[in-house]
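Engineer: Could you put together the complete structure from these sequences and hints?
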Amino acid sequence: MSELDTLIQLLARLPGLGPRSARRAALHLIKRREGLMMPLAAAMQGAAAAVRPCSQCGNLDTMDPCAICRDPERDATVICVVEDLADLWALERTAAFRGRYHVLGGTLSALDGVGPEDLNISRLITRLGPGMELILALNATVEGQTTAHYIADRAEPTGAKVSRLAQGVPIGGELDYLDEGTLTAALNARRAL
Amino acid sequence: MEWRDDGFVLAARRHGESALIVEVLTREHGRHAGLVRGGQSPRRRALLQPGNEVAVTWRARLAEHLGTVECELTRAHAARFLDDPGRLAALASAAALLAIALPEREPHGDIHHSFAALVEALDSAPRWPPRYVAWERDLLAALGFGLDLSRCAVTGATDDLAYVSPRTGRAVSREAGRPYHDKLLVLPDFLYREAAADGAAIAAGLALTGYFLHHHLLLPQGRGLPEARERLAERMRRRNEAGNIPAV
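Each protein sequence line maps, in turn, to chains A and B.
Those letters in the first sequence? Residues 4 to 196, by my numbering.
Those letters in the second sequence? Residues 945 to 1192, by my numbering.
These are computed hints drawn from the structure, not numbers from a lab.
There could be a bad hint or two in this list.
To be verified - The calculated label-pair distances, taken between Cβ atoms and stated as ranges, are:
{"no.": "1", "chain 1": "B", "residue 1": "H959", "chain 2": "A", "residue 2": "W92", "range": "20 to 26 Å"}
{"no.": "2", "chain 1": "B", "residue 1": "E1064", "chain 2": "A", "residue 2": "T65", "range": "49 to 55 Å"}
{"no.": "3", "chain 1": "A", "residue 1": "G116", "chain 2": "B", "residue 2": "G1088", "range": "24 to 30 Å"}
{"no.": "4", "chain 1": "B", "residue 1": "S962", "chain 2": "A", "residue 2": "R55", "range": "27 to 33 Å"}
{"no.": "5", "chain 1": "B", "residue 1": "D950", "chain 2": "A", "residue 2": "R101", "range": "47 to 53 Å"}
{"no.": "6", "chain 1": "B", "residue 1": "D950", "chain 2": "A", "residue 2": "L39", "range": "50 to 56 Å"}
{"no.": "7", "chain 1": "A", "residue 1": "G109", "chain 2": "B", "residue 2": "K1127", "range": "39 to 45 Å"}
{"no.": "8", "chain 1": "A", "residue 1": "A52", "chain 2": "B", "residue 2": "E1064", "range": "56 to 62 Å"}
{"no.": "9", "chain 1": "B", "residue 1": "Y1155", "chain 2": "A", "residue 2": "T65", "range": "32 to 38 Å"}
Claimed, not checked - Computed far set for chain B versus chain A, every beta-carbon distance over 10 Å:
{"no.": "10", "residue": "L979"}
{"no.": "11", "residue": "P994"}
{"no.": "12", "residue": "A1007"}
{"no.": "13", "residue": "D1027"}
{"no.": "14", "residue": "A1043"}
{"no.": "15", "residue": "F1089"}
{"no.": "16", "residue": "R1175"}
Note that beta-carbon positions come from the ideal geometry of N, C-alpha and C, so glycine has one too.
Structural biologist: Shown next as structure tokens:
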């Protein structure tokens, strides 16, 4: 197999790419060898060598602890629990949260056989103590909320305050188009104006 | 091939980047799987939660194909239990048990009916814990592993039944079972007659049905009880120890 075929096959494994789009990407890279392909290869090599999970929160960074855990401006008494890194990045984009994070690496799943020992939960519990707040920013799904309740139970003896994200009408959402579950949650979580 | 039926979502797993393989418990077609194209979109994921009631349309070129499934939400049960850890654990446990214990594509109208009744019971507190245990007892019976709780296997007595033989699944009276009480499983009163169920009775009931589900139904398939079922039993045991389950 030629180097080009290997490149196409590897590119085809990336999310969003199939064999045809991988071929297009490979051709594009080869056409822009100096301007794109070489820097991309160097960047990938550098990232593969340097990026590692933070031993405290599970975030990915070139330093351990990660930049978020090392930032003295962030509130160390508030920890936001997320399922994976994409959720952490989504919350960071809001710039509304100035505490620290904890990445679980998944949720409890009966079907996939994911149990508590497969997730980064034990490390989370060691980070908690009295006077701290734990925000459970997990998906509003059966698996996400099952995980949230499990963590809330485990966190109870630590004395930390546990909260979770609100559920309800999204910004720009029209009631007519919302499913009844979301509307029920929104009604239950209504607040005074 | 095409059919339409009513059903409950039991499980959904990712397939590729945008699709899901969903398992539904239908009224006339039993536990059935199918591909949901675009199932990972936020709107579809919301409706494909375990326990949700859906109108199912299944299509395939041949009957033995996986086929594609279209689901239209009828009632969003899962969303109502997300804030209640006990009910959510019971719903997840029941769905996980059905997903692994039921044979595929074998109609079980009685199990569909009993699951619908369980979901209603979960929604109408506070008697859901004994109803859940009774549902597991009925599931065993529907799958051919019914417990005989009508009379004592030794004396024939119909009252004061206190144990179940782990070997035969038959009830044993308190008196006849006393010499072997450490080898027998505890039978809570509410499982064979009208009686209140406190936390200890619920825990004993879950241990009883869990034993038979595990040893008779799942172990022969090389499987153990699903994690969700273990977590439910653990939650009820902890609530019982904390004295948080009133007799109902």
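Engineer: Which numbered hints turn out to be false for this structure?
Structural biologist: 9, 11, 13, 14, 16
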